[in-house]
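Engineer: Input sequences plus hints: build the corresponding full structure.
Protein chains: 4
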Amino acid sequence: MVKRSHFLKVPVEPFTIDPELKADEILAKMERISFQGRSLGIAHRVWQKMLSDEVTIFMGMAGALSAGGLRMVVAYLIEHRFIDCLVSTGANLYHDLHETRGRRHYLGASHVNDAALAEDRIDRVYDTYASEEEFCDNDVWIGDFVATLDQRPYTSREFLSLLGGHLWRETGQDGILTAAYRAAVPIFCPAIADSSIGMGLSQGRHKRPGSGHIDIIGDIVESANLVIRRPRTASVVLGGGTPKNFINQASVQAEFFSPAVGGHKYALQIVTDVPHFGGASGSTLEEAQSWGKLAADAAQVTVHADATIALPMLATALARSSCQLARERKRPAFDPGQPEMLIDGRPVSHDAFEETT
Amino acid sequence: MVKRSHFLKVPVEPFTIDPELKADEILAKMERISFQGRSLGIAHRVWQKMLSDEVTIFMGMAGALSAGGLRMVVAYLIEHRFIDCLVSTGANLYHDLHETRGRRHYLGASHVNDAALAEDRIDRVYDTYASEEEFCDNDVWIGDFVATLDQRPYTSREFLSLLGGHLWRETGQDGILTAAYRAAVPIFCPAIADSSIGMGLSQGRHKRPGSGHIDIIGDIVESANLVIRRPRTASVVLGGGTPKNFINQASVQAEFFSPAVGGHKYALQIVTDVPHFGGASGSTLEEAQSWGKLAADAAQVTVHADATIALPMLATALARSSCQLARERKRPAFDPGQPEMLIDGRPVSHDAFEETT
Amino acid sequence: MVKRSHFLKVPVEPFTIDPELKADEILAKMERISFQGRSLGIAHRVWQKMLSDEVTIFMGMAGALSAGGLRMVVAYLIEHRFIDCLVSTGANLYHDLHETRGRRHYLGASHVNDAALAEDRIDRVYDTYASEEEFCDNDVWIGDFVATLDQRPYTSREFLSLLGGHLWRETGQDGILTAAYRAAVPIFCPAIADSSIGMGLSQGRHKRPGSGHIDIIGDIVESANLVIRRPRTASVVLGGGTPKNFINQASVQAEFFSPAVGGHKYALQIVTDVPHFGGASGSTLEEAQSWGKLAADAAQVTVHADATIALPMLATALARSSCQLARERKRPAFDPGQPEMLIDGRPVSHDAFEETT
Amino acid sequence: MVKRSHFLKVPVEPFTIDPELKADEILAKMERISFQGRSLGIAHRVWQKMLSDEVTIFMGMAGALSAGGLRMVVAYLIEHRFIDCLVSTGANLYHDLHETRGRRHYLGASHVNDAALAEDRIDRVYDTYASEEEFCDNDVWIGDFVATLDQRPYTSREFLSLLGGHLWRETGQDGILTAAYRAAVPIFCPAIADSSIGMGLSQGRHKRPGSGHIDIIGDIVESANLVIRRPRTASVVLGGGTPKNFINQASVQAEFFSPAVGGHKYALQIVTDVPHFGGASGSTLEEAQSWGKLAADAAQVTVHADATIALPMLATALARSSCQLARERKRPAFDPGQPEMLIDGRPVSHDAFEETT
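Residue numbers (our numbering), protein chains in the order written: chain A, 2 to 358; chain B, 2 to 358; chain C, 2 to 358; chain D, 2 to 358.
Mimicking PhoX-like on lysine-lysine, the simulated pairs with C-alpha atoms at most 25 Å apart in a straight line are: (1) A:LYS10 <-> A:LYS30; (2) C:LYS30 <-> C:LYS10; (3) A:LYS30 <-> B:LYS30; (4) B:LYS10 <-> B:LYS30; (5) C:LYS30 <-> D:LYS30; (6) D:LYS10 <-> D:LYS30.
Rather than coming from a laboratory, the hints here were simulated on the basis of the structure.
Structural biologist: This is how it looks when you write it as structure tokens:
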């Protein structure tokens, strides 16, 4: 009788068809198949572990997810506190604001005469269209709001919280910005200058000299202090980009000043980029361990998939499997609408790191 | 009042969370978002159209889908006649046979010491392991079966039907080969020489000189005749590779001899390759139109996703939305276990094309 | 005699081997083959057209190109004015500074025990290593420099010009920052908060309260004014990311205020991302036309390749084919080291857009 | 003084611009940068090692490389014996034959009205066009040749050698098939049924019943015997697909019958597929070690790049650096034009494996 290799322990369980399965049940079965199906199944489990533990859950989002129809999924995750802090590109917040203000994005084609679109002043994002005119109206609306603010630097976090509040009072509509405002979840936007939110800010300054100052270095200090205060963290990344790196950077920067910080305990990324070209978006979670961005024993998974497929599945599954976990977990309380954010009632500086020993 | 561009018709409908949704309901909502989520939603609809129309549905499968846990999904699609004819790589049929014979594949890691695996004689497919010893046993089993056959060329279609029958009689277990045998669904394997099925055939010949002849040119003739007989076709492609091209080639070759053939009326592909490197696996369905592989007005969609995510979703959704359609549709009747296959009772040649005018 | 289709005009010319060919000759031959080889050949020609015309050439760089060994190529392009303005991620400038200060990156492996690296405090970027200790020393060095600056907001452009000057005076070594300083080429870094340069700035502030303010909204205004001043532009993009969008945004924003702006006349991108997931990094240049980022009749090309392969080839070819073009072309003169940058001797505001009619 | 980590040994050497560099010099410098540039540099070195050692060099080619302008590069590698045995898809041989017969492929566009192309009977391969009419003429030409052959099975190797001879006698033109014929280099085409070569064979059979039999199982036996005879092998793979697997399979199959076979000593692959979807095309060379396809201590490299960029560079570099190595190396002598191929003068069976002990 041949001795069995210890490598051969848990067999693949072929996926069998049951028409009545719900999302969480489908993902549970996917854990036992291979390749990215398995990764998606594991992602569900890793997120559940985050919710069961006492960690601060960061979520990063890059790529045109709001225009692409995922903004209410993100709003749901914020509202039900499946996450604690959002780091986003400006575009996702802008497209969210666009729809919260009652405008729409439109189903389009990916192969189309773009000169004809330009003539009709329609902006295309792969297979999705938007009206440039409506976009300009947003820019003016943001610019007008910016011109009402104090003539001092605002961290992106404070600015976006105020913007969300203004949007909520004006529209009473759900969305990412308004959900974050209402749930007191902070949003950071380190690359805000590279977006239409930034363009709105620049138009505010054009309107009223001295306005429109965003203190993105303050965001660095504050996000690191957030980790120093609650050194056990988790990272959920959709699409890579600046949010992915910013979340990791907060850990690395925090570790400088506080020995209690040891990298994310949990990490989950849904990306389409690959590691072998060296870019940060596609970098592996293993690589993140070399930097101390991720704890050596972290529960982690990378899903190589488009977020427009993976996230609706994953969030629907979590909504069924884990609402109680999300409700009952020990989570941080923020007040993000102040110059100095409060964490669990205590202000946190954006000017100096909180050194611990 | 500004006149609305005709490009802006149907708005994106942000995906909203409902924990109780089933797969078909999730895909229905995905049709109204963007990017590959939308494509997956459309794939569900396109497949339903195939089932509603009187077309012969070809399915191609490449990539390690059987080892990766999708063989029972494919068996389900065959058994319930969501497809009429399978074109597969040899590896998928081999790994199916492996499990039907009671062996397993195993959950593994994608980053692992491969020299240690080699020492334990374990073969790795990304994150999945198998025992080389068990594989060798399959080869012998196939070789023994091959040695019992007549010393004449068999099309891959005839050979695989006989192999499926032998496997069914010996194991009584479900799987792709046995489901196809029992449902009388033909399987073509044009690149059978490039697989362990081919290795088993070669060992059969080694055992018994003169055996193990596969007439893959006969497969070309027969598959084209199949299209000539039933000129309205549909194509479902998982992963590209030789099956994708072989299905298209059948249309192109058939058109030579029959003016009624006009390319697939419906086409759906789930691929991870991209078009811009020029390979056939990643080629667009638009490109297929230039060749006449696809009708100019075909309902078609490409989903850029791993089949291990997309197919469980899609098949579960179809099982709920379309079982009746599959049951009631007008589909061809095959008898694939003969030297000359019967289509709707009439034999079809693998030596000469059926010319029509 | 069959009439020839007008689609069949210029035949593919099979690449033939000549061992003595130089880079520009290889690329000239590649223009006559297919797929991405052809694209790379065309890229050489498009860049030559940029140099022959009177346009402001923006270059964006994202991905770990400096750590990956391309910083002296970029420095060469700056020094010889193959480009006029650089938009970069912070990481590329940081890794450049690291080497200009005499530290190195190291050849490593992409599959390695990252926990062992972490123990040795080595940071990994795919197949490349760096010492974390040396990185910390850079952060302190940047922080010390930041603490010497005035307590007012600096645009990233002004800050980076001053940083380059300081670096040059201290090291006298070539690199991206020092070459840009010496050639008076402005560098924008809209996502500076998402990088180790940003971390250095935050440490400067920690050291000296009130310092380390970067006015990235001022960068938006200024970059748009730069386009308004010289409305004919070209875009060279390496790797996508925030630089790609920021360059396009400058055109879009400028067009608001100046009817003379009509999108880039020339565009060349070397990217590894794909369009079908909807992200900006992989978006096509056709899509950019719908937004007015690119002129409808622009000469443009996308090369799907890793910049570490494509750029050494392309820059070596340009160095041979086009040095005279670069020397003799009409290019803007900048003075980027002032609070208000000078363009051709006249200051340009970062507080208000320059409206034209 | 801090002890230096042993991980930090060889620094990245930034690529510097020298306009006069030739391909081999560019690749030598690329070895010292990162990511895929480094991989391409290493590929040059690995191929040189193959040429310096006494190994049988297999080359696999998949993807539309012939239509895409690389057929004369491959012909060069065959003629100068940089390789000993070619494994190809049928399409690459067909498109080669098309041009050797004096027809051309044409520069086209990747975004085009495919219905208009179809109307002009033009077949598109991404950005490359061909005349369907000329293709049909090839099919007839192949069919006519097939009808002249004996009515017995031919291995693809024998058939392609005879086809190359016929083509050479008729045209006297260079190309892959004719170069292989003249240099007596065998070509295997395991998936010949999935190509226009196969379509030509099927038309030969249609013309003359009983003709057009290809014994692809014989190819398996023979290719394994080839490895058994010369157990030290190397593998160069362009694009994955069936050729990649067939080359590896020959090693695996050979090892069954001969303990001297230990997997390829050298392996080099230029691919665009990625490993994480589980397909064989994108699988890593590490994974190949678990199967014994690759020796544990093999010199190996994967280049993630389009072959239309990488191969012209690599072959031009080899032509300069290694012509003498290729001329002087100990290489096998084949006679591939017989039913039983001769290796170094001794016939090799395609019916039974050559068992050794």
